[in-house]
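Asks: Protein sequence lines correspond, in order, to chains D and H.
The first sequence begins at 314 in our numbering and counts up one residue at a time.
The second sequence begins at 44 in our numbering and counts up one residue at a time.
Because the hints were derived from the structure by calculation, they are not lab data.
It should be emphasised that the depicted structure is a prediction, and the values quoted were computed from it without experimental measurement.
There could be a bad hint or two in this list.
What the hints assert, rightly or not - Pair by pair, the computed Cβ-Cβ distance ranges are: (1) D:Gly-355 - H:Cys-182: 50 to 60 Å; (2) H:Glu-137 - D:Ser-425: 53 to 63 Å; (3) D:Asp-420 - H:Gln-128: 22 to 32 Å; (4) D:Asp-315 - H:Glu-78: 24 to 34 Å; (5) D:Thr-396 - H:Asp-131: 15 to 25 Å; (6) H:Ser-68 - D:Asp-315: 13 to 23 Å; (7) H:Thr-72 - D:Asp-315: 34 to 44 Å; (8) H:Glu-172 - D:Val-349: 32 to 42 Å; (9) D:Gly-355 - H:Asp-131: 37 to 47 Å; (10) H:Pro-139 - D:Val-349: 16 to 26 Å; (11) H:Glu-49 - D:Gly-317: 47 to 57 Å.
Claimed, not checked - Stretch by stretch, here's where chain H covers chain D in the computed footprint (C-beta under 8 Å, at least three residues): (12) 332-343; (13) 360-372; (14) 376-382.
Virtual Cβ for every residue (Gly too), placed ideally from N, Cα, C.
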Amino acid sequence: MDLGLDVDDSHPPYTVLAVKGEVDVYTAPRLREKLVELVSQGKHKIVVNLEGVDFLDSTGLGVLVGGLKRLRSHEGDLTLVCTQHRILKVFEITGLTKVFAIHDSVDAAVAS
Amino acid sequence: MEEVLELEIPARPEFVALVRLVVSSVASTRRVLAEERIDDVKLAVSEACTNAIEAHGELDTDDHVVVRLIEGDDRLEVLIDDRGQGFDPTALPEHPPVTDPERLNFERGLGIPLIRTLVDEVDFDSGQEGTSVKLTIYCGRAKVDELGEFD
Numbered sequence: 314m315d316l317g318l319d320v321d322d323s324h325p326p327y328t329v330l331a332v333k334g335e336v337d338v339y340t341a342p343r344l345r346e347k348l349v350e351l352v353s354q355g356k357h358k359i360v361v362n363l364e365g366v367d368f369l370d371s372t373g374l375g376v377l378v379g380g381l382k383r384l385r386s387h388e389g390d391l392t393l394v395c396t397q398h399r400i401l402k403v404f405e406i407t408g409l410t411k412v413f414a415i416h417d418s419v420d421a422a423v424a425s
Numbered sequence: 044m045e046e047v048l049e050l051e052i053p054a055r056p057e058f059v060a061l062v063r064l065v066v067s068s069v070a071s072t073r074r075v076l077a078e079e080r081i082d083d084v085k086l087a088v089s090e091a092c093t094n095a096i097e098a099h100g101e102l103d104t105d106d107h108v109v110v111r112l113i114e115g116d117d118r119l120e121v122l123i124d125d126r127g128q129g130f131d132p133t134a135l136p137e138h139p140p141v142t143d144p145e146r147l148n149f150e151r152g153l154g155i156p157l158i159r160t161l162v163d164e165v166d167f168d169s170g171q172e173g174t175s176v177k178l179t180i181y182c183g184r185a186k187v188d189e190l191g192e193f194d
């Protein structure tokens, strides 16, 4: 199962990470590795675009929570782009909409 | 009640996607559930299988995880059986409130609360020789139709 992870640095100071596919216990470690890699490169304002994500479970949520914690420790931030009801629902029922800023487009996220 | 599927998988993370695909396809084909609830079943089954696989990983066992789908007139039941060490479902650690900065220290532990929210009934039968999780979803009900939160 492939997980697409495309990095776009064309919105400085933001780095946009577009995730495509299913994020679960098998693929979430790759997302974690990518976030750790970006932070280690000094990219501390990260927008994770979830518009291409078909499925997200608690493992994926945990990776995003860990990424946010890591970035905040560097005075940075991790924001999300998501408009899909099925994915938003996972954030809503876990209350994590109060933890993450969730935008409806990359443009809105990088303008925030 | 009629068993319509039994799936036995190696306890490895790459097989969780297969379980999601098969269970959601069978549930859709049988037209037992509204489409919006198929997503709930997929997520709940995925969480339960993830826990089962992790339980096997802790024991380093080659035993398989067994997933069964049972259909009734008014419900769908999914049973996930593992051979892990078991756990106490009433003694799970609580997370700090989401508004508490300490919340960011908790990356795990959302799976079972998610399961409880997404399905109509969940039963855990857990002991030292394994855990059996039964998820029950009734036809025509929307458990979380207005993006309700935990608690």
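Asks: Hints the structure violates: just list their numbers, smallest first.
Replies: Per hint list: 2, 3, 5, 7 and 11 violated.
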